[in-house]
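Q: Take a look at the letters that make up each chain.
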Amino acid sequence: MSEPFRLPGHTGAALAFSFDGMALTGRSGDTLAASLLANGIHLVARSFKYHRPRGILGAAAEDPNSIVGLGSGAHAYSDTATCVELTAGLEAHSLNTWPSLRWDSGAVLGRLSRFLPAGFYYKTFFWPHWRWYEPPIRRAAGLTVVPVGRDPDRYDRAHRHCDLLIVGSGPAGLSAARVAAASGLDVIVAEQNSRFGGSLLWEALAIDGADGRVWLQQTLHELQRYPNVTLLSRTTVTSYLEHNLLLAVEQAPGAGRWRQRLWQLRARQVVLATGAAERPLVFPDNDRPGILLASAVRYYISRHRVAPGRRIVLATNNDDGYRTVRVAQEAGLEVLAVFDSRADAAIESPGVPVHRGAVIVATRGHHRVRAVTARTLDARQTWTLACDTVAMSGGWNPAVQLFSQSGGKVTFAPKAAAFVPGQERQGTIVAGAAAGTGSLLQCLTSGFAAGAKVLAQLGLEAPPARNWRAADLDDHIEALWRIPASLAGAAKQWVDFHNDVTDGDISLAAQENLQSVEHLKRYTTLGMAPDQGKTSNVNGLAILGELTGRSPGEVGTTTFRPPYLPLSFGVIAGRATGALFRPTRPLPTHVQQQQCAAELQEYGAWLRPAYYRQAGEDMAAAIAREIHAVRNAVGLLDYSPLGKLEIAGADALEFLNRIIASDLTTLKVGRARYSLTLDEEGTIIDDGVITRPADDLLVMGTTSNAATRLRAVMDEWHQRECPQLEVWISDVTTQWAVLLLTGPRARAVLERTDLDIDLAPRAFPHMTIRTGTLGGVPTRIARVSFTGEVSFEVSVPAGFAPALWQHFMEGSRDLGLTPVGIEALDVLRLEKGFLHVGGDTDGTTTPDDVGYGAMVRNKKSDFIGRRTLALACANRSAALQLIGLRPVDGGRPLAVGAQLFKAGAPRTSGAGHVTSSAWSPTLAQPLALALLARGRSRVGERLLAWHDGAARPVEVIEPLRHDPAGALLNG
Amino acid sequence: MDRLRRSQPLAACVPISLPTLAVRPLPQATLTELRGGLAFREDPAFRQLPDQPGRSRDHGSWRANWLRPDGWLLIDATPSPTAASQTFAAAAQNRWCRLVDLSHSLVGIGLRGAAARDLLARGTPLDLRPQAFGPGCCTRTRCADFTVLLDHRAEGIEAYVDAPLAQALWNWIADAAEHLAQ
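Residue numbers (numbering that gives the first Met the number 0), protein chains in the order written: chain L, 0 to 970; chain C, 0 to 181.
I should point out that these hints are in silico values taken from the structure, not numbers from a laboratory. Hints may be right or wrong, so weigh each one.
[Stated by the list, open to error] Examples of chain L residues lying across from chain C (beta carbon under 10 Å, computed):
no., residue
1, 153
2, 156
3, 260
4, 580
5, 583
6, 604
7, 606
8, 696
9, 800
10, 810
Here a beta-carbon is modelled for each residue, glycine too, at the ideal position from N, C-alpha and C.
Using the sequences and the hints, build the whole thing.
A: Right, here's the structure in full:
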């Protein structure tokens, strides 16, 4: 029989879906939970620790039980059945059960529960070592299987600013929106549900003498007419961050579009009308399927026309629970009895026996509750009733999570037996049930007041106060945090349904002197489940209070942290996946690189050629060929990523001289100088060549990717330390492309152009810069060498670089012009013993450590880092110093990163490590640079280098250098 | 040697056209960073610049965008020597200001239509509502993983990005436009 528990009156269309392979029928507009209940399915999951049967407890996000798997394959995800909108063909299944949900082998853990109390992890699994136990525990834990394929769903992210963000669209939220909308403010209303209205959709409420849903429709109709109002349904605000930045996740209304969108909402004012969630009562075996929150019973009956059961027992400690009796009776369901823990409860429930001062002390049933036993608190009277549903009402918890995330403080209100918002920190206004107000009239009034307050804060005129005719009953509650042990006996009273935390676990924590609620949480896992304790926290901390002689207010709450509900990784990533994940910077000659068969790789943010493979070559052969070309003919490299900062103005030289470690006071126009850049601790952060094309212009070369950072450093120093200096710093890194010609025939290549610069060695020597025109466009050419060969760094405006590359390649093949990749360049510089900052240095390396001590010692004026280098601590005796290494055992290069140690010493001694290493085709031997403690004084010493699982003998040497006299590069 | 031919990073991109959105690469223009010190404020040419942060000033064939207290970006469609550079030539000659060519460093993308703001809001946390960012406003901000200069002209918003990232930004915009079209 289809939907045996569906009540008359649902207008939705029939939808086929499945649960654990069972073909079922639900209705459009239902949640998955509602459709499951309509089919009589209460058992939907197993608990995390003991695998106890779990049923649907609540109606919305507070439900701790009903996490189910959805979809299959790469589309698989998990969610709470109470939050999943039913769609045609939805496939749902239970999680973490074997062989089936009904007969789950993990339930054996429940029989071992006496050996698995709170904290047993900490007490048990430390001997002989945690790692013995970790694998099986990890296998047993977890709720779902992470899909391994690429997520085929699409996600979106967007930012949005507004004057007022209202979270929640119940009577309070809509009342606030109505006030603000009329003022013209830019208003957003975010509602978690697929429909606006909150409790107006399902509670029997009257406003001004009419059904509350009439007021709801009128209000929505009015709000939809305002162009300044945005109504976002299916949108859960999950995080309330600083400066009124809130994150919200919007679910797509149907399949075929994006699945979720992450809104980053920045609001001038925020009204939280997030409502309240009902608390369970804590009594023995209160966790069986078929035991629901009383409000959830009303919700399923009224909103979805579903009967959670036919024979209902109500347990309550407050007046509000009695509403469930009326709703159930009107739906034709049998309410067997009300057990009210309050001995003096004045409220009546016509047609149903009300047993005051009575509580449920036992339940029976395995996969579904079958009977309850109740007893008066004085134990004089006992009832046992066969039933299929228990509705329980333990009072209401205002949904203060977002308020708490905003930095607001919550306080305990004894009359409401709940934590309510106290002092706010970001001007946040809380309205309705979230503020602790119980009645419909109070919700409407507080919403109106919130809207009016926003207008006042924004300097707008507030409308006159409104009056409604609506229920204003003062809900009476007498807190009952658990059943006294004298009545409950040894039976477990469940507090956290998901994590299987009982009042006994809390008692154990209290016995072991864990008095802080934060400690309680971590010791017992109370409130650590995916639901983050929405139903368990207050009961748990109140029980801790009872055990330690404190009120709930004195115990306090744990910190509510974002997100309010779990976020999918997909929505966090948004569209930043695949090619959009991290944009890389192609070279100006990217197309030409591809035409030359470059193996392109990411070097920092840039996509650069590692090497150029020719037919029949492997990588090593390609690199060797390129090196040979540079040493014997000429190589061509797109060098554009090197940073280029122009420092201009009358005080440019004075300013830059205060920044860098080299002395620039003697740098003449047209000359270039190598320099290190240090931070305030004297540590090397970059190096490069400074050129001076004009009297009032210097160009600071930086390593790739460093220009933006160094410009920021220099801007800060200029503004903070010497604003009186007339200096303008401009980053022209991408304005100028640089093509490097390097090798003995580099000059010959340039001589085949129309360049108007004298290229003769005497006119244009090493470490100089010239400006002119080339191919009709302006050019700057620097004679700077990182390879040890004659080199010309030819700069042209970037848009002309492809044509110039093409010109060089086509016009100089006969000269042996060869494109050269980054890997060959690295070997070429290693053959010269040149420093690679970031490779041959670490976060502690000073100039002296790499052999540039004289650079800083000889500079007379101040510069960044100088003061630190003058301190005694800078001359530390065990400093890692850059040295060369020679493998004693043959020709294989050492591994970069290989640790150095003395024979007999532990190989993790930290004595040093290899920083650069390669086979040198030019010198026909392996080369290596290393940072070694007191390295320069240890030349000739034998050490071991840990390489591929073995120790290799090495000798400490001076760094080897090709052409040590520099005759080639000066040629 | 022939005169070197200039390449455009977005030359191969096909303009995007939706009912509420049109995106196209902007034609080549001369982009110049103008920097000036205190003395420059006394120069008559200084009055051609926007006097408020985050604002631009339109002069017909060229416009100036405020970048920082002593920096502006001049966008000029006229041939060299451009009208903008001529405006500040005397001050530059006196070393009261400095002009730095960034024509090859930045690439412009034009966005027109009611959905332009929605598209950019996919990437930038900036308040793009008309009352906060209307015509005459400009700003440098992050949009997705890109640093962009947004220049709100009367006819739409123009985004300028570092040339090597122009294609990646275009791809990002195309993807965002696809989302908008759904």
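Q: Now tell me, hint by hint, if it's right for this structure.
A: Evaluated hints:
The beta carbon of residue 153 of chain L is positioned within 10 Å of a beta carbon in chain C (closest approach about 8 Å), and the interface hint is therefore held. With its C-beta approaching chain C no nearer than about 6 Å, residue 156 of chain L sits inside the 10 Å limit, and its interface hint holds. A least Cβ separation of about 9 Å between residue 260 of chain L and chain C falls short of the 10 Å threshold, and the interface hint therefore holds. At about 9 Å, the closest approach between the beta carbon of residue 580 of chain L and any beta carbon in chain C falls short of 10 Å, and the interface hint on this residue holds.
About 7 Å separates the beta-carbon of residue 583 of chain L from the nearest beta-carbon of chain C, less than 10 Å, and the hint is met. Hint status for residue 604 of chain L relative to chain C: holds, with the closest Cβ pair at about 9 Å, below 10 Å. Contact between residue 606 of chain L and chain C, as hinted, is supported at the beta carbon level, the nearest pair being about 9 Å apart and thus within 10 Å. Given the 10 Å rule on beta carbons, the hint for residue 696 of chain L holds: about 9 Å separates it from the nearest Cβ of chain C.
Because the closest C-beta pair between residue 800 of chain L and chain C is about 8 Å apart, less than 10 Å, the hint holds. Because the smallest distance between the Cβ of residue 810 of chain L and any Cβ of chain C comes to about 8 Å, under 10 Å, the interface hint for this residue holds.
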